[in-house]
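*Asks:* As given, the protein sequences belong to chains W and A, one line each in that order.
Residue 56 in the numbering used here is what sits at position 56 of the first sequence, and the numbering runs on without skipping anything.
For the numbering used here, add 1000 to where a residue sits in the second sequence, where the first one is 1.
No lab work stands behind these hints, which were simulated from the structure alone.
Fair warning: this is a prediction, and the values are worked out from it, not measured in the lab.
Note that beta-carbon positions come from the ideal geometry of N, C-alpha and C, so glycine has one too.
Where hints are given, some of them may not hold.
To be verified - Some chain A residues judged to face chain W by a derived CB distance under 8 angstroms, without partners named: (1) L1225; (2) G1244; (3) S1289.
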Amino acid sequence: MTLATHEVCWGAAGRIIVDGVTLQAAPGRVLGLIGPNGSGKSSLLRLLCRLRNVASGVVTLDGRDIAALARRELARRLAFVEQQAATEIQLSVCDVVRLGRTPHRAALASWTAADEAAVTEALARVGLSERHDQSWHTLSGGERQRVHIARALAQEPSELILDEPTNHLDIQHQLSILSLVRRLGITCIMALHDLNLAAMFCDEIALLHEGRLQMAGPPDEVLTAEAIQRIFGVAVAIRTGASGRRHIEYLVEAEQGAGGLAGA
Amino acid sequence: MSHAAHGPNWPARIAVALASVLALALSVALAVTIGEMRIPLDTALRALGNGLLGLDAPVSAIQQGVIFDYRLSRALMAGLCGGALALSGAILQALLRNPLAEPYVLGISAGASTGAVAVLILGVGIGGTALTLSAGAFVGSCAALAVVALLATGAGGASDRVILAGVATSQLFNAATATIVTTLASAEQARGVMFWLLGNFGGVRWPDLWVATPVALVGFAVCMLHAKALDAFAFGIDAAAALGVAVTRVKVVLFATTAVMTAAMVSIIGTVGFVGLIIPHAARFLVGSGHARLLPACLVVGAIFMILADILSRVLIPQQILPIGVVTALFGAPVFALILHRARRPS
Chain W
1 MTLATHEVCW GAAGRIIVDG VTLQAAPGRV LGLIGPNGSG KSSLLRLLCR
51 LRNVASGVVT LDGRDIAALA RRELARRLAF VEQQAATEIQ LSVCDVVRLG
101 RTPHRAALAS WTAADEAAVT EALARVGLSE RHDQSWHTLS GGERQRVHIA
151 RALAQEPSEL ILDEPTNHLD IQHQLSILSL VRRLGITCIM ALHDLNLAAM
201 FCDEIALLHE GRLQMAGPPD EVLTAEAIQR IFGVAVAIRT GASGRRHIEY
251 LVEAEQGAGG LAGA
Chain A
1001 MSHAAHGPNW PARIAVALAS VLALALSVAL AVTIGEMRIP LDTALRALGN
1051 GLLGLDAPVS AIQQGVIFDY RLSRALMAGL CGGALALSGA ILQALLRNPL
1101 AEPYVLGISA GASTGAVAVL ILGVGIGGTA LTLSAGAFVG SCAALAVVAL
1151 LATGAGGASD RVILAGVATS QLFNAATATI VTTLASAEQA RGVMFWLLGN
1201 FGGVRWPDLW VATPVALVGF AVCMLHAKAL DAFAFGIDAA AALGVAVTRV
1251 KVVLFATTAV MTAAMVSIIG TVGFVGLIIP HAARFLVGSG HARLLPACLV
1301 VGAIFMILAD ILSRVLIPQQ ILPIGVVTAL FGAPVFALIL HRARRPS
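Based on the provided sequences and hints, a complete structural model is requested.
*Replies:* Shown next as structure tokens:
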């Protein structure tokens, strides 16, 4: 058992954004949330870690309603990585990772050997041990996201929630972040934009559209040409790629006047 | 690596604490000896002994009065006020994630002034003057905080909107204060209020300290209890909540603490700008951005800065006392520019 939702609804400004979603994450597996812009992926993730409270329905962690858990207790189980969390404050890499220890420390507790060990290990797992003292502001986008993942790992969570962790990153960093997430071995729930990346890195995929869960299951069952055409309005051809995973090719009609290449 | 040490480094902590106390004592000693009437340090020490320890050292009654009742209470009040305002600035900057946030910029000081002036001129209060004035200032600062929160939320709640809302609130309450003063105050009252609005330690006496001391120290304790939570706000409110911080409770408690500290100080000495803005930045420059170190640093640096600024306000122009707000701005602005310049990021 791990994180699950049952008939979860949520809205803002009179608009329903998440509409009756029932979903379950499998322990130790990567669950991908896909769907067009505005389909409610980010909102659903925020409901999962109680950054927003459900309007109706229930989110459970090991069968217990998360609304009944203290926020600190929740933060020791669930860690959340945002799309692009930035700060103006001058911080070093280890300052950021140390924030992950917040739910484990009492108000006046001093820094312990266990805290230090968790930070050291988290940095090692994301491959940034040598950047320990580097200023956060001198890091690249990919490195910042790795530091956020290290911060989340320092929370020692059993579930990790990531909201489009690869947004704005170049392809090399997208692949390395997602490989990292896959290797973590903890339950991950992750919103993704890129369907091919979702097919490559997720064990299971949930497809959202207008706040409703359309389908959920292994990539091969969810990422069908018919579903993608229906939900995203894009024609695709699906074939098995060189890696053995499915590859989605977008079929875009050549623009009229594309023949005018001679002019270029 | 410096991070290898676990747990508190007690010798270093005690050394820093002692150095801070020494620097504070030195500032107070300077404040007590410098002034229109030159009083040698040994006379000053004897007067302090008489006043604090009940000794009976030979000091003339005038010198005793000037040292103990006038200069010492004034210096201690300046210290408390500087510390509390700097602390408030650091808290607001962390919660609102905006380096420009402070009680003065956000209009909390303006609200406190309106409340205090309403009590002072409309005579709303009954009983002890200092307390009713404080109560008026507190109601005013809470009203201002509510208006800022309302405006900022209505405008989308982004951190730059908070500053805009603060500017609007400031103007609103300043206008209210001006309306009360111009329509209802006698000429004498109006002059007194105007001087007070720019900040004035002249009227400070010991009873004021019995109000300001507990407010500043309890406020400091409350802030220190939330030091780790404040660190967690570095990446925003959602990030703090995801780290297990009870965001709403922390915000309510700390905004209220800030409002009480600001109200208490404004009710006693009037509005003083710039301290809440520059001291947290200067302190960050000295000790880094971790709040467990930053908050005590703000208290000490703010106190020393204000005591020294008060000395300057008394000696800068012979036979005259400048409003403290003028001195803090005159010296604060260039110092701030220097900090910005030195702390600029390599791009």
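*Asks:* Now tell me, hint by hint, if it's right for this structure.
*Replies:* The hints, checked one at a time:
At about 5 angstroms, the closest approach between the beta carbon of A:L1225 and any beta carbon in chain W falls short of 8 angstroms, and the interface hint on this residue holds. Checking A:G1244 against chain W: minimum C-beta separation of about 3 angstroms stays under 8 angstroms; hint holds. Annotation: interface hint on A:S1289 holds; nearest CB of chain W at approximately 5 angstroms, less than 8 angstroms.
When each numbered hint is compared with the structure, no violation occurs for any of them.
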